[in-house]
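Residue numbers (our numbering), protein chains in the order written: chain A, 1 to 285; chain B, 1 to 347.
Derived by calculation from the structure, the hints in this document are not laboratory data. Careful, some of the hints might be misleading.
What the hints assert, rightly or not - Keeping only pairs whose Cα atoms sit at most 30 angstroms apart, straight-line, the calculated BS3-like set for lysine-lysine is:
1. B:128 x A:281
2. B:329 x B:217
3. B:101 x A:206
4. B:116 x A:193
5. A:7 x A:92
6. A:281 x B:116
7. B:104 x A:278
8. B:177 x B:101
9. B:111 x A:206
10. A:281 x B:104
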Amino acid sequence: MWNQAKKLPYLLIAPSAAFLMIFFLYPFASVITQAFEHSSTDGYSLTNFQEVFSHWKFSISLENTLLLTAAVVPIQLALALLMATMVNSMRKGRDLILYIWTIPLGISDLAAGIIWLVIFEQTGFLNSLMLNLGLIERPVALLTYQNPMMIFVAIALAEIWRATAIMLVILVAGIGLIPREYYEAASVFRASKWQQFIRITLPLLKPSLQTALILRVILAFEVFAVVAALGGTLFPVLMGETYIYQFDLLNSGAAAAIALVILGLSIAFTLIVLRILKVPKGVTM
Amino acid sequence: MAIIEIKNIAKTFGTYEALKDINLTVEDQEFMVLLGASGCGKTTLLRIIAGLESPTQGEVWIGDRRIDHLPARERGISMVFQNYAIFPHMTVAENIGFGLKMSKIPADELKRRVEKNAELMHIEHLLKRYSGELSGGQRQRVAVARALAMEPDVILMDEPLSNLDALLRLEMRAELKGVLQQSNTTAIYVTHDQVEAMSLADRVSVMNAGEIVQADKPMELYRNPATQFVASFIGSPPMNFLIASNTSNGFWVIENETLSGPSIAEQSILLAIRPEDVRLSDSGLPAVVRLVEPLGPHLLVTTDVGSNQFRAILDSDSQIQEGQKIFLKPNVERIRWFHPETYRAVF
Ligand SMILES: Nc1ncnc2c1ncn2[C@@H]1O[C@H](COP(=O)(O)OP(=O)(O)O)[C@@H](O)[C@H]1O
Ligand SMILES: [Mg+2]
Chain A
1 MWNQAKKLPY LLIAPSAAFL MIFFLYPFAS VITQAFEHSS TDGYSLTNFQ
51 EVFSHWKFSI SLENTLLLTA AVVPIQLALA LLMATMVNSM RKGRDLILYI
101 WTIPLGISDL AAGIIWLVIF EQTGFLNSLM LNLGLIERPV ALLTYQNPMM
151 IFVAIALAEI WRATAIMLVI LVAGIGLIPR EYYEAASVFR ASKWQQFIRI
201 TLPLLKPSLQ TALILRVILA FEVFAVVAAL GGTLFPVLMG ETYIYQFDLL
251 NSGAAAAIAL VILGLSIAFT LIVLRILKVP KGVTM
Chain B
1 MAIIEIKNIA KTFGTYEALK DINLTVEDQE FMVLLGASGC GKTTLLRIIA
51 GLESPTQGEV WIGDRRIDHL PARERGISMV FQNYAIFPHM TVAENIGFGL
101 KMSKIPADEL KRRVEKNAEL MHIEHLLKRY SGELSGGQRQ RVAVARALAM
151 EPDVILMDEP LSNLDALLRL EMRAELKGVL QQSNTTAIYV THDQVEAMSL
201 ADRVSVMNAG EIVQADKPME LYRNPATQFV ASFIGSPPMN FLIASNTSNG
251 FWVIENETLS GPSIAEQSIL LAIRPEDVRL SDSGLPAVVR LVEPLGPHLL
301 VTTDVGSNQF RAILDSDSQI QEGQKIFLKP NVERIRWFHP ETYRAVF
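Let's have the full structure, built from the sequences with the hints guiding it.
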């Protein structure tokens with residue numbers, strides 16, 4: 001009996017573990033080998049990485065990816081915190097607002113990109129609005145190579161619109177876990193609403209902030225469809241380059257190398273976030 | 001000067017009346033205990049004073065300041081919460097200094113007050129710890145130190161000892177009383193424990209179903225309960241209640257025993273006798289012994305007088321067996337009389 005009871009958890013875990021082995025670990029291992037293998041050399045080498053790094057588009061895509069992340073994630077964090085605080089102090093209609101705010105989550109990233117393209121393209125809503133207001137005399141092409149800033153703004157807006165809710169739901173759940181007692185104690189002990197937010201909410205939200213930030217930053221490094229829809233080839237990003245290497249240039253070694261670069265970035269930022277939002281030893285929340 | 005005046009405070013949750021027209025004055029530096037069974041509205045009243053709940057009606061004054069419309073932080077009140085509410089992400093020192101920091105007290109003064117109050121509560125060796133590394137009793141001390149560090153005019157405490165084990169509770173009770181006596185604060189202390197209430201309070205307000213039934217000095221409450229509820233609530237074992245019938249002006253008879261009492265024109269009267277206010281005798285109330293419990297210094301004897309249960313505390317030398325018929329002579333001075341319909345004391 002005892003033996004069986006001890007085996008049961010492993011038996012139950014086995015199918016999912018096997019599934020992950022076959023469909024995740026195996027491809028993952030094969031991507032790693034691909035990245036270090038090159039037809040011009042025997043055995044393992046860094047040739048793929050050299051090829052990728054020396055291409056002129058690499059540094060631009062890396063820069064674009066990092067810039068986009070740096071612009072989008074802090075805004076989303078601030079917005080998500082603000083929205084989560086608002087939702088949590090609502091008495092009625094809390095769930096309704098939450099559902100409405102999370103609608104963009106249900107839309108694929110490509111669709112989200114296309115929605116914003118419809119707004120920004122030459123025959124789009126923004127142009128007709130400006131025409132009707134008399135701000136412009138005829139429709140202008142907004143998303144062109146002469147206008148890189150506009151492309152960046154459009155992509156950033158689409159990303160903010162699309163993915164803020166991911167952080168929002170995590171933070172709403174996290175704020176909901178903070179006992180009301182702490183706020184009551186803080187208010188009795190002279191803390192204003194703002195001080196309560198800074199001194200109680202933020203520190204007690206650290207675990208949720210970690211999760212939200214890590215998830216969001218990793219997704220930002222993988223940004224692809226929104227950029228493809230709005231920027232096309234005018235705004236190269238790392239994930240887009242991976243796609244081009246793999247499917248247009250049929251160079252899976254180089255594609256694998258960029259994929260590993262993205263992985264490296266993700267791991268590095270995860271460690272940084274964990275470090276910054278570390279919960280001091282001895283604190284039990 | 002921190003006189004707390006509670007005027008006509010009422011609170012309804014939906015249709016439920018948690019507090020009904022509460023009036024109470026707590027004198028400057030007085031230790032007032034709110035005593036009542038769970039659910040009678042003690043916490044609600046305390047939260048209204050603290051500003052954590054808004055009253056449906058009524059006013060709260062501290063000195064000459066009306067405070068019921070002010071946010072909690074502007075009321076000049078400190079509070080010890082039932083579950084302490086020690087901030088888990090701050091050290092003990094940061095917790096004690098929290099209110100001072102929020103009030104922008106200069107750093108050196110803050111440090112001085114944190115240390116002083118930590119010493120007062122004997123937790124100076126714990127200042128660097130987090131709340132997760134403290135025992136229940138230590139957390140309780142932090143909560144008190146945090147409240148005292150504000151040097152408030154008014155301190156509110158909601159069952160601060162109820163989460164401690166019995167021995168610790170006794171120890172903290174004595175300590176709390178000493179500390180508060182020295183601090184010049186007006187205190188309101190909530191508890192459902194009558195022993196705690198009696199031992200701590202300058203005055204006790206007994207609450208029942210959202211009302212204050214009696215506010216008096218502990219001994220006064222014990223000797224002269226204003227209603228039958230207070231009489232039954234205060235004292236352990238509780239008072240005995242018997243119904244007597246009117247014979248002539250001021251004389252009441254019960255089981256052939258005639259007692260002199262108040263002259264009211266009622267057929268019957270409710271009388272209450274504390275178990276320690278009877279003695280074994282040759283005549284008096286006839287009682288059949290049901291249970292004898294030796295308590296060391298005395299015997300607790302549970303009997304039937306007529307069809308009523310009646311408890312007596314007798315000398316431990318008394319030779320009493322279960323089933324025995326005895327006579328109990330009440331100390332007439334100590335009998336309390338209650339009107340049979342209003343249940344209010346009559347004299
Ligand atoms: N926020 C609330 N909503 C609804 N009912 C409440 C609320 N707070 C307290 N009550 C009710 O009011 C009554 C008094 O509660 P409380 O003041 O906590 O009692 P006590 O502290 O004396 O045990 C209880 O019946 C309780 O259920
Ligand atoms: Mg309570």
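For each hint, the structure was consulted:
This hinted pair checks out: residue 128 of chain B and residue 281 of chain A have alpha carbons roughly 12 angstroms apart, not beyond 30 angstroms. In summary, the hint linking residue 329 of chain B to residue 217 of chain B is supported, as the alpha carbons are separated by about 28 angstroms, within the 30 angstroms threshold. Of the pairs offered as hints, the one joining residue 101 of chain B and residue 206 of chain A holds, with about 22 angstroms between alpha carbons and a cut-off of 30 angstroms not exceeded. Between the alpha carbons of residue 116 of chain B and residue 193 of chain A the distance comes to roughly 29 angstroms, so the proposed pair stays at or under 30 angstroms and holds.
For the proposed pair residue 7 of chain A and residue 92 of chain A, the alpha carbon gap of about 48 angstroms is over 30 angstroms, so the pair is violated. For the proposed pair residue 281 of chain A and residue 116 of chain B, the alpha carbon gap of about 27 angstroms is at most 30 angstroms, so the pair holds. Restraint check for residue 104 of chain B and residue 278 of chain A: the C-alpha separation of about 27 angstroms stays at or below 30 angstroms, so the hint holds. Restraint check: the Cα-Cα separation between residue 177 of chain B and residue 101 of chain B comes to about 27 angstroms, which is no more than 30 angstroms; the hinted pair holds.
In summary, the hint linking residue 111 of chain B to residue 206 of chain A is supported, as the alpha carbons are separated by about 27 angstroms, within the 30 angstroms threshold. This hinted pair checks out: residue 281 of chain A and residue 104 of chain B have alpha carbons roughly 28 angstroms apart, not beyond 30 angstroms.
The structure is inconsistent with hint 5 alone, although it conforms to all the rest.
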